[in-house]
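Take each chain as given, in its own frame, and dock them per the hints.
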Amino acid sequence: MAEFEHLPPIASQVRRDIIRQTHFAGSGHPGGSLGCADFFTALYFHVLRRKPDGFSMEGKGEDLFFLSNGHISPVWYSVLARSGYFPTEELSTFRKISSRLQGHPATHEHLPGIRIASGSLGQGLSVSIGAALAKRIDADPHLVYCLTGDGELQEGQIWEAMMFAAHHRVDNLIVTVDWNGQQIDGPNDKVMSLGDLPAKWAAFGWDVLHMNGNDMKDVLRGLEEAGSRTGKGKPVVILMKTEMGYPVDFMMGTHKWHGVAPNAEQTENALSQLEETLGDYPYVVDYRNK
Amino acid sequence: MLDQLITSEKKATRDGFGDGLMEAGLQDPNVVALCADLAGSLKMDQFAKTFPERFFQVGVAEANMMGIAAGLATGGKIPFTGTFANFSTGRVYDQIRQSIAYSGKNVKVCASHAGLTLGEDGATHQILEDIGMIKMLPGFTVINPCDYAQTKAATIAIARHQGPVYLRFGRPSWPVFTKELPFEIGKALLLQEGADVSLFATGHLVWKAVEAARILAKEGISVELINIHTIKPLDEKAILDSVLKTRCLVTAEEHQIAGGMGESIAQLLARRLPSPMEFVGVRDTFGESGLPEDLLEKYGLGATHIAEAVRKVLQRKSRS
Chain G
1 MAEFEHLPPI ASQVRRDIIR QTHFAGSGHP GGSLGCADFF TALYFHVLRR
51 KPDGFSMEGK GEDLFFLSNG HISPVWYSVL ARSGYFPTEE LSTFRKISSR
101 LQGHPATHEH LPGIRIASGS LGQGLSVSIG AALAKRIDAD PHLVYCLTGD
151 GELQEGQIWE AMMFAAHHRV DNLIVTVDWN GQQIDGPNDK VMSLGDLPAK
201 WAAFGWDVLH MNGNDMKDVL RGLEEAGSRT GKGKPVVILM KTEMGYPVDF
251 MMGTHKWHGV APNAEQTENA LSQLEETLGD YPYVVDYRNK
Chain X
291 MLDQLITSEK KATRDGFGDG LMEAGLQDPN VVALCADLAG SLKMDQFAKT
341 FPERFFQVGV AEANMMGIAA GLATGGKIPF TGTFANFSTG RVYDQIRQSI
391 AYSGKNVKVC ASHAGLTLGE DGATHQILED IGMIKMLPGF TVINPCDYAQ
441 TKAATIAIAR HQGPVYLRFG RPSWPVFTKE LPFEIGKALL LQEGADVSLF
491 ATGHLVWKAV EAARILAKEG ISVELINIHT IKPLDEKAIL DSVLKTRCLV
541 TAEEHQIAGG MGESIAQLLA RRLPSPMEFV GVRDTFGESG LPEDLLEKYG
591 LGATHIAEAV RKVLQRKSRS
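Order-wise, the sequence lines are chains G and X.
Just so you know, we're using our numbering here: the first sequence kicks off at 1 and counts up by one.
Just so you know, we're using our numbering here: the second sequence kicks off at 291 and counts up by one.
None of these hints come from the bench; they were simulated from the model.
Honestly, I wouldn't trust all of these hints.
Distance windows between CB atoms, simulated [stated by the list, open to error]:
| hint | chain 1 | residue 1 | chain 2 | residue 2 | range |
| --- | --- | --- | --- | --- | --- |
| 1 | G | D249 | X | Q557 | 56 to 62 Å |
| 2 | X | A413 | G | Q273 | 58 to 64 Å |
| 3 | X | P342 | G | E224 | 56 to 62 Å |
Now the stretches of chain X that chain G is said to cover, found in silico as 3 or more residues with beta-carbon under 8 Å [to be verified]:
| hint | stretch |
| --- | --- |
| 4 | 338 to 347 |
| 5 | 358 to 364 |
To list a few chain X residues with every Cβ distance to chain G over 10 Å, as calculated [stated by the list, open to error]:
| hint | residue |
| --- | --- |
| 6 | M355 |
| 7 | K367 |
| 8 | D384 |
| 9 | E474 |
| 10 | I475 |
| 11 | E483 |
| 12 | K508 |
| 13 | R609 |
For each residue, glycine too, the CB sits at the ideal point set by N, CA and C.
Isolated chain X, as found in the complex (with noise of 0.2 Å):
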């Protein structure tokens, strides 16, 4: 099934976004968007030039972008937010809480360049906390997915649901490969079936986990690939189904381990189906300039070192 996966294709996420935008924009004309000054970096400029008086420039102000996107929802409409995944969240955190997420308000909060793939702005931009901070706020779903046909799908899906989202993603450039596959909020997506280990990756980690498992058949170990593409609500069915079966895992995500989705998945399971189980993301450290690549070498996001993750789960489980 994963050599199913490869692909040649490459494209970002972000114009997953832009494309699926402008889909949910014909779809509904309830749909309105909102930038502050990154049009171009969200690829919004496609909507915003078909629809110009369903698109509000408002320059760089984050914060009054969220509370006319409440504004906006309070009237029916569903606006859909677009800036940096730095700007979308910990700028604006009490804005996103008071006047979105407890007023229960249906805004879509787009988050592009997210985490270390950002790649040479640095630390200031790669905001690696974004999913811990809006998966704390009650109500909101929080959506990361893996590649351009995904991002492309949640959005056109968000815009259909009703209630704040958060959907995170990203800069580079990247490998697509869930084209054919479905996508449904909430619900995991299994990519490999396996005996051995169950392996838990979200957004652009998913295709380092693609990798990681390609070099672990090599050695005769059997992953079970499962893509969780939304980090709140948890598909609690499919982590305690796999993890039944494998008895231990490893999540992957490019994020900060606190907070992150392998928290999520690990508090899950110390409640229900305490297991072995590793973590790769960012250990409590911020980023710097790089290619996307180096740095996620550099911080330990590499397919290596999720393979690297697995086989010491194994050995955790083996012992136990």
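Only chain G is shown next, with the shape it has when bound in the complex (with noise of 0.2 Å):
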């Protein structure tokens, strides 16, 4: 197990971003957002073999990203702009016109390190395997990680890309489903039951493991595992249970906050619950006219 006491911090501060940037915009995605803040802070800060020459679309020769469920953007953004992708202060922007920062995420105003437009759900699996498939091709032993939702996975054409990538060995791909039971409508279970869930993928001829997405120390244990099981000829999934809101007392156990930004009163309450570690980004106004 790698070192990770620097990261709890660095996730805490992501929480503030997520909570700060649906503020600001006053619309936005924060519950799953916060849920899945640890996630990818190990992605992006610990695990992502990544170039250190800038962003490139094609990302030869570096693990790559995608995020399916494209309305937690604000947890994405945070990551990629305080891995260095571009300006923190830039998530001032969030969900502003003319921002690269899309209210989903998008290619079309060339924000770095996204490399598909997400939002319409059920997408990205296929777009995963995909660019797991040009990978396989021109031998690059990097690897492919998607995050999905779980509400996501109604979607019919999820279905057709976990059969895809069993019948064609697709192993250099790591998808994680954030597992938190809840959809804007409700739980899961009262909307759309996903039922045995485990098994349904089993069943679909991947390798299934598990791992807690709220406690950074099983998150490196769980990422790592699914590592060691690429290459093997089966595609490997994540089962990660999250919390909804995770650590904000008030927007945890429901699914009210799945896509409600906090007022004044409960971004202060919220932020009071989340530490500063690297420094809160200012916000700007008229951030194209600076």
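Right under this line is the structure:
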């Protein structure tokens, strides 16, 4: 197990960024973003083998990450900025006009770090498989990572992609499912039950792992183990249990914060529960003309 | 000039795609192909056999195919997806819109069995709305070649073109008449100069337009026949130059009139050069089972219908 003490403080700052982005924008999806902050921090500050010489769309010779559930863009934008893809103060532009930080991630405005538009659900797994196949053709030993939501698994395209990855032995791919059990209209089990999710992935031919997405140590263990399972003829999936809104007390235990921004008072309350470790970025009202 | 186009050779446009794909694959190792359980129908077998590591059988899962193509393009590959036009567009419109068009991916969506000439399979498969759907997507190039030779040339050309392309072709055996003619994306192809009327045709109906022009020549009507293989981007200059000379026009296509090539030309002329215009195309209806030739006749897309549209537009011109 790698040293991980430096990661939780980064995750705390990422969570502050999520609260502040959605508050400043007046909209967005804080719940799932907060729940996945540990995963994103581990991925971008420890796991991904990235080229140091800036962003390239093709990503040859480095690990790639694709976000399928694009609505949790605030957590992704935060780790991208905090890991050097663009200035942190650009987080002020989230969801504003003329911004590179669209409500849902996009390549159209050329934000470094983004390789595909996502938001309309169920498409990112297929895209990740395509990127993994490109690496296979190029004999590039790096991996492709993909995060999907759990409600998103209700899309049929996901199951098409699951079948394909097993059939074509796409074993340079690690998919993580944010299994927080919630979606916009309520708990998965009320909206459309996913049933025995581990058994379903296994039945589709995947190597199935589990981890606690809100325990940094376990996230690192899970991602390391997943890495060790690649190259063995099977695609790998990690079913990651998270709590939507974690660890902001009033945002947990409900689906209510899936797509609602905190107001000023709620923001203050949430930030009081999250330590400022790397320094908050300044709110910039007119970033373009700054 | 028309007489030089007369041919006895017949081949399907989908064969042109298969042969063009093979050629493109030989020319560029980045060319890869995907198919949703229709490799035989799309004539992709030779590519699959020659480049097994660059061919992906996706099964009956078109949405997944479009996403995988977008991922392959992200990694620097030039993916060609192959399935019927119906399953290449309407079935996967959101995947094409988000993962390919909006994401700016270099994917070639190759669509066979388009239009009424699919024949006996009937209206479930005879898509007549695909050009409209895809041309609305920003950044997409839309090409509807007219015969085997043009489809082959277009397939090779789009591999070298950076950006998403929709290539539309079909099932039936069809006259091959452009073997000796050039093909350039976005450049209209003049098939015959004329003075009285401009006739713009795309896809299978270009041959019907050739037949119509021969009928009209016997009546002393001089038709300027132009093949618009690239519907987007439209060759505006070629269209304006021709209509400036003839002052009236007819469009012919195997597609709904709404959303088709004629609509694009009408938009251009409404802005730049309003002129009497008639449309040959499908009039807001679905197709049905039948032989391709019989269907074209029944739905008003035959050579005689094109000729009649020309006579009508000439009357309008003489009154205006």
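Here is how each hint holds up against the structure:
A beta carbon spacing of about 57 Å between G/D249 and X/Q557 agrees with the range 56 to 62 Å that was offered as a hint. Between X/A413 and G/Q273 the Cβ separation comes to about 60 Å, which falls inside the hinted range of 58 to 64 Å. A hinted range of 56 to 62 Å for the beta carbons of X/P342 and G/E224 is inconsistent with their spacing of about 34 Å. A stretch counts as covered by a chain when three or more of its residues have a beta carbon under 8 Å from one of that chain; for the stretch 338 to 347 of chain X and chain G the count is 3, and the coverage holds.
Figure legend: the stretch 358 to 364 of chain X, annotated as covered by chain G; annotation consistent (7 residues with Cβ-Cβ distances under 8 Å, at least 3 required). Not every CB of chain G lies more than 10 Å from the CB of X/M355, the least distance being 8 Å, so the non-interface label is violated. Consistency note on X/K367: stated as away from chain G, yet its beta-carbon is not over 10 Å from all of that chain's, at 5 Å minimum. Not every C-beta of chain G lies more than 10 Å from that of X/D384, the closest at about 5 Å, which undercuts listing it as non-interface.
No beta-carbon of chain G comes within 10 Å of the beta-carbon of X/E474; the shortest separation is about 28 Å. The beta carbon of X/I475 sits about 23 Å from the closest Cβ of chain G, which is more than 10 Å, so the claim that it is off the interface holds. The claim that X/E483 is not at the interface with chain G holds, since no C-beta of that chain comes within 10 Å of its own (minimum 43 Å). Even its closest Cβ contact with chain G, about 54 Å, leaves X/K508 beyond 10 Å, as expected for a residue assigned away from the interface.
Every beta carbon of chain G lies more than 10 Å from that of X/R609, the smallest distance being close to 48 Å; the non-interface claim holds.
In this structure, the hints that do not hold are numbers 3, 6, 7 and 8, in rising order.
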